[in-house]
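Visitor: What follows is each chain in one-letter form.
4 protein chains.
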Amino acid sequence: MGVRIGKVEIGGPEFIVIAGPCAVESERQLLETAEAVALAGARILRGGAFKPRTSPYAFQGLGLEGLRLLAKARRATGLPFVTEVMTDTQVHIIAEYADMLQVGSRSMGNWALLEAVALSGRPVLLKRGMSATVEELAEVADALRSGGNAQVVLCERGIRTFGTATRNTCDIAAVPLLQNLTGLPVILDPSHATGRRDLISPVSRAGVAIGADGLIIEVHPNPERALSDGDQSLTFDQFRDLVDDIEPFVKIRAGRRFEVYAGA
Amino acid sequence: MGVRIGKVEIGGPEFIVIAGPCAVESERQLLETAEAVALAGARILRGGAFKPRTSPYAFQGLGLEGLRLLAKARRATGLPFVTEVMTDTQVHIIAEYADMLQVGSRSMGNWALLEAVALSGRPVLLKRGMSATVEELAEVADALRSGGNAQVVLCERGIRTFGTATRNTCDIAAVPLLQNLTGLPVILDPSHATGRRDLISPVSRAGVAIGADGLIIEVHPNPERALSDGDQSLTFDQFRDLVDDIEPFVKIRAGRRFEVYAGA
Amino acid sequence: MGVRIGKVEIGGPEFIVIAGPCAVESERQLLETAEAVALAGARILRGGAFKPRTSPYAFQGLGLEGLRLLAKARRATGLPFVTEVMTDTQVHIIAEYADMLQVGSRSMGNWALLEAVALSGRPVLLKRGMSATVEELAEVADALRSGGNAQVVLCERGIRTFGTATRNTCDIAAVPLLQNLTGLPVILDPSHATGRRDLISPVSRAGVAIGADGLIIEVHPNPERALSDGDQSLTFDQFRDLVDDIEPFVKIRAGRRFEVYAGA
Amino acid sequence: MGVRIGKVEIGGPEFIVIAGPCAVESERQLLETAEAVALAGARILRGGAFKPRTSPYAFQGLGLEGLRLLAKARRATGLPFVTEVMTDTQVHIIAEYADMLQVGSRSMGNWALLEAVALSGRPVLLKRGMSATVEELAEVADALRSGGNAQVVLCERGIRTFGTATRNTCDIAAVPLLQNLTGLPVILDPSHATGRRDLISPVSRAGVAIGADGLIIEVHPNPERALSDGDQSLTFDQFRDLVDDIEPFVKIRAGRRFEVYAGA
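Protein chains in written order, with my numbering: chain A, 1 to 264; chain B, 1 to 264; chain C, 1 to 264; chain D, 1 to 264.
No false leads were mixed into what you were given.
Put simply, identical chains are the same to the list, so a pair is met inside one copy or across any two.
Cross-link-like lysine to any residue pairs, in silico, SDA-like; alpha carbons within 25 Å at most:
1) Lys-251 - Asp-241
2) Lys-251 - Gln-238
3) Lys-251 - Glu-14
4) Lys-251 - Asp-198
5) Lys-72 - Arg-225
6) Lys-7 - Gly-148
7) Lys-7 - Ala-76
8) Lys-251 - Arg-240
Just so you know, these hints were derived from the structure itself, not from any lab.
Starting from the given sequences, assemble the full structure and let the hints guide the process.
Guide: And the structure:
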């Protein structure tokens, strides 16, 4: 019933951690990170080649060279990788390299992109828009399935509210709501949901306990020097601590994914 | 370092579940519920005697008679109880009966009430307003301490956002944020945060895992007939299932309360 | 059909400007301000005697002495005055002095206060809570009328959203919505809705044009030295400019108050 | 200093009303509407050829045929037209037909589209995303200008808040804020901001009075039968009433556009 990305299944019995840098910045940065997260227990690598820019002056990513580096990191570590697609015309070339295509939170309403992704045949990581309701996200997932692509994993990554202590507000209840509404696997992105390194471990534990099917975490060799999202990126040591921190919760979650509403 | 309510400590090593009906409706309703939640593992009884009305037509509570019934339930079960104070002039009389005074989410800005509560000498359960930031809640807690009452427990109970699938949006990251900002115990109210019976167990697990010091849960002998909050009240069986559901998570949380930011 | 405050009617043919300092700070500050706003065209004086504190360190107001100064300013200028009531036990004494009682945005859920206000016999200025829906505000107005007080004027003063460029977000459409839902006069508070001196005049024009029955504006002899709300207070000159700025719009609004939905 | 669309200037001395159907549905529907709005005083025609779909089952627009009909309506009425571009690959062909390209609220974060629009040489109507801050919208406008296209008009069309009485919440203060932040013309879309026919006229008056440079209004021969946005579309008669309703306010706004902050 889960979604297969290479040899890994999201939504099956195993809890899946996806990790890697926000953006692919260099061969060394990516390979070191891929090896560190693989060793710590990550099962899928993440990394942006074509970056969504929140401003015209922000780093735009390495593009095709980034994809080649991600493929190289896959060969070196055995980890399949997910990377974001920003526009419909990129989908074809990115799908040749990537194991899974990410539709970012700014793209949930980009129907040309969604159509191309539906036709790509690749598994999709569909992130919730920052002001999208759970019903709207479920509708987009339905559209992907109607478009021929049923390999969809949803991702709660925080919503925009009046709060300013965190980058976004983690809507933790959206995890079981979306599982129930769609029947699809749902993972949590505590990096974007909080935007704060110090909250990633606690929020990750909450994600495990509520029954999420996995996590996606930003990791960087040197967050202070990261070209993007440095404030929310973990060092290699911090990522290992996170995996240790959630491990006992992962062990006892068995079965809770499908019993979410059993008590009700 | 915790807050003592009778023989119970919130913020100490034990995870504390507070449970009971939204409103005290009758002697039978209250005593049956108190016995059921005590048997299932609740350590503190909750119940509204003076009810906050969201409309002039809503049930207003039994008043003083409700307090007497709560005291009777305490004698019968040994559970201390918490009940809401709505106005400054009630504080004196309610403080004679109750072990802990609840300041509700609508009262976070009622300074006359806060002053009376500060002077009462009773432990306080201070609920976050539905549009209050964590900083604003921390400021009110500070004011209570400046006013002479340091026995304060904070409660995240959901905030108002654009979402409509749940009654409020559970801001789960507020739990460690508030623990860190204030040094006070913080509990979670999944009943009000979600407003949906089917989400209370999953959100409770998330609360345990993120490091909350306890939960407050609405329980009713017959939720369909409850005079208030029926949609979010658990039956006795559902409450026992909830306690069973969180139990393995409670066991392994040991120490996490104070290590919240250790990985960061 | 309007609400009478002394010789002034809100909700009648005349557009009513209420103005004055956030808080009464001294006799000189209040009398100078009262005279300046009366001369510029204000018809009602505002001023806080008992202040809602957003923090325990904020200015708390002059209390009873503030009420006496407001009464003195009324004698000097002929302007009736509105002042906020914070708690039910204050209502009796404040109602002896004030022409109109303001229920502030933090008090919309304070039922003990609302009951006392309903019984006071004084006209009420009921401000919308920062996260209250228009339906919830209409319900509270209904409760005041059920409680025996039909002399209610509603006030839109901005809601809390994700925006940070302004203190609150002015929900301008709430003005006709509330007029239609309740049949009551509705005024606009551009000072709190924006929190920015530079936006008060433009937003006031919008309020006139959409059909509000009046405005409430914060004015101070020296905003830089104001003990509260300095950033959103106008100088005397700025207040005169505001009155001049809205004047041509006020002239042509005739009839629009009751024709709000005529085009639909 | 304004932006020219054919012979019309937005941001100059004249207040500009853009009107037309949400979607081009048929030749007859479009031509009748174009003639009716031209006669009533609209200066630019709007109409969607390629529709943003909020769900996979919604009407997708007539595509290229829609563009041809819009060009035909332009010949018949003399009105230049604005239509939405949904994806970067459409921009080239749509720019051959349209006088102005609309970037919709869901596309504010679609950088491939923004780049294509920047290169198109056509004036742009850039709508605010439903959870975008004014600063974020100003940044996107800057990016278009850096990309070589300074012919940008901004549009406030409502933001997503907790309110449910209207489709979105009209953030009226965003109009002067954006004018001041960017120096660009800013128009108001009361149709999407409210989603309610009965509020369009009052909110339009507020837009005129606050100093907006124009309005964009949805009009349909038979709103009950509209394939999209029927609830917020005006009939021809209602549109004429709207133009009459705002006329006196338009007359006296002279100069206010550039004096927005004069009183501050």
